[in-house]
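**Q** Sequence:
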Amino acid sequence: MVRLITHNMLACHVRNCNTNNFPLAFSDVELVVRPAEANYDFLRRFLPKLDWAALVDTARSLGDESLPDEMPEMWDDEMLQKLHHVLLECSPANAQLHVEEGKMTCRNCGHIYPIQNGIPNMVS
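98 is the number that our numbering gives to position 98 of the sequence shown; each next residue is one higher, with no gaps.
These aren't lab readings, by the way, just hints derived from the structure by calculation. Possibly wrong hints are sitting among the right ones.
Here are the simulated DSS-like cross-link-like pairs (lysine-lysine), alpha carbons at most 30 Å apart as the crow flies [what the hints assert, rightly or not]: (1) 49 <-> 103; (2) 49 <-> 82; (3) 103 <-> 82.
Distance ranges between label pairs, derived from CB positions [as the list claims (entries may be wrong)]: (4) 116 <-> 75: 19 to 25 Å; (5) 27 <-> 78: 29 to 35 Å; (6) 69 <-> 36: 24 to 30 Å; (7) 46 <-> 69: 15 to 21 Å.
Heads up, the beta-carbon is just placed ideally off N, CA and C, and yes, glycines get one too.
Produce the complete structure using the sequences and hints provided.
**A** What follows is the structure in structure tokens.
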């Protein structure tokens, strides 16, 4: 399954496609629920690696509105739980943020990366 934590690290790799190649846009997606154990220490360590704007944009494109526009300065347990759901599990609003099938498309060059059985084909 493509989790949003993985998606937040993927960019188009087509030769000469190096501007506006991140984040890849989801389309024709099939979403599934996959519960995961919360690990707040992991999330706190991972925060500096996140592209917050891309994460929020992608989550909203999949129907989740739980994250604020700006990354919070202070992280309480409630906010960490929301982040956990979006990145690793599911959305509190619609309980579906794992992409099982679909496509990711580069916003710059239009290259399509298919997703089958939850695995993105980044060499297509």
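**Q** Each hint needs a verdict: does it hold in this structure or not?
**A** Evaluated hints:
1. Between the alpha carbons of residue 49 and residue 103 the distance comes to roughly 24 Å, so the proposed pair stays at or under 30 Å and holds.
2. At most 30 Å may separate the alpha-carbon atoms for a hinted pair to count; residue 49 and residue 82 meet this at roughly 17 Å.
3. For the given pair, residue 103 sits about 25 Å from residue 82 by alpha-carbon distance, which is consistent with the 30 Å threshold.
4. Here the CB-CB span from residue 116 to residue 75 is close to 35 Å, at odds with the stated 19 to 25 Å.
5. About 32 Å separates the C-beta atoms of residue 27 and residue 78, a value consistent with the hinted range of 29 to 35 Å.
6. The hint said 24 to 30 Å for the Cβ distance between residue 69 and residue 36, and at roughly 25 Å that hint holds.
7. At about 20 Å, the beta-carbon gap between residue 46 and residue 69 stays in the expected band of 15 to 21 Å.
Checked against the numbered hints above, the structure violates only hint 4.
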